[in-house]
Amino acid sequence: MLRPFLAHLRVERGLPVRAGKPASPADDLTQLYVGYLRTDRGLAENSVLVYAPCVRNFLAYRLSKTGSLAFETMDAETIRAFLVERIAHRSSESARLLAVALRSFLRFLFLCGKTPRNLSPAVPMVRTYRQSAVPAVLSPEEVERVLSATDRSNPRGRRDYAILLLLARLGLRAGEIASLELSDVLRAGEIVVRGKGPQRDHVPLLADVGEAVALYLRKDRGASISRRVFLRLIPPRLGLTSPCAIDHIVRLALTRAGIRPRHRRVAHLFRHSLATRMIRHGASIAEIAEVLRHRSQSTTAIYAKVSFEALRTVARPWPVVGGAR
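Throughout the sequence shown, residue numbering follows my numbering, covering 1 to 325 in sequence.
Be aware that a few hints might be false.
Taking CB as the label site, the calculated pair distances span [said to hold, decoys possible]: (1) 76 - 186: 50 to 58 Å; (2) 4 - 222: 13 to 21 Å; (3) 53 - 235: 24 to 32 Å; (4) 157 - 136: 22 to 30 Å.
Keep in mind the hints are simulated off the structure, nothing from the lab. All figures in this text were calculated on a predicted structure; none of them were measured in a lab. Here a beta-carbon is modelled for each residue, glycine too, at the ideal position from N, C-alpha and C.
All chains, please: the whole structure from these sequences, using the hints.
So this is what it looks like as structure tokens:
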């Protein structure tokens with residue numbers, strides 16, 4: 001709130017502009033790497049937001065140990081020492097992301113000629129196990145309870161209800177909802193969903209979802225310089241900027257419905273719930289992958305384990321007393 005006000009005072013009252021902190025070589029290199037991820041690799045913005053802090057962390061570590069970046073003297077031992085120090089108290093997934101980001105950055109350094117050889121193979125693999133747990137889901141009754149507990153008599157409730165329907169009925173990701181723009185809502189009863197990377201998909205709007213979105217746009221959104229569909233309620237009326245904003249809305253909605261999820265990414269619960277409901281009603285993995293817009297059906301395969309009725313038909317009986325052990 002203060003930044004726009006101070007900028008106004010500098011223009012209108014001639015207040016002095018405070019000189020910013022000069023960029024360091026590490027900052028410049030990080031910006032070059034971020035540009036490489038966006039332009040050359042075409043990574044989604046959420047991936048960039050994960051990779052960039054890992055790289056800043058590594059560069060700060062390098063400066064603290066040697067006093068300079070000195071990439072030409074960097075070796076495998078330095079890289080592994082950084083990883084061992086940083087992953088000591090991290091979860092397996094956080095450690096894996098750190099290793100992936102570091103491996104990507106080392107390839108970038110080699111491509112730019114900053115290092116004489118490609119050091120990315122020096123980053124050890126962090127062992128994680130895919131599909132090691134059953135995805136957390138909401139029952140159909142809980143989903144309807146969350147929707148019913150949303151008060152649609154005020155602008156906040158109508159906005160939140162539209163967001164919850166997009167999650168529950170279409171299985172959109174939180175970031176996809178936050179990035180929806182007015183031009184993405186088509187008159188043909190479809191929306192253009194900006195998926196991971198450059199992916200763009202036309203998704204049909206179900207009747208109740210379309211009505212909720214149209215009601216919010218017509219009655220509550222109001223004028224704004226932002227082209228985002230869903231705006232903040234508190235001025236300045238700008239668009240919701242990150243998946244965290246959608247997660248916050250969902251967490252409040254779950255609290256109103258008396259549901260306390262243990263899942264950290266609560267918005268994803270609706271996506272898991274939609275896939276689970278589909279597979280329990282006989283939908284195939286290919287059909288679920290199409291609805292969720294997965295590039296690979298191997299990503300969708302995690303939902304096969306929630307079809308307990310189908311799994312019972314292939315489960316072998318437990319050995320009887322005195323049988324094989």
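Query raised in the report: What are the numbers of the hints the structure violates, in ascending order?
Result: When the structure is compared with the hints, none of them turns out to be violated.
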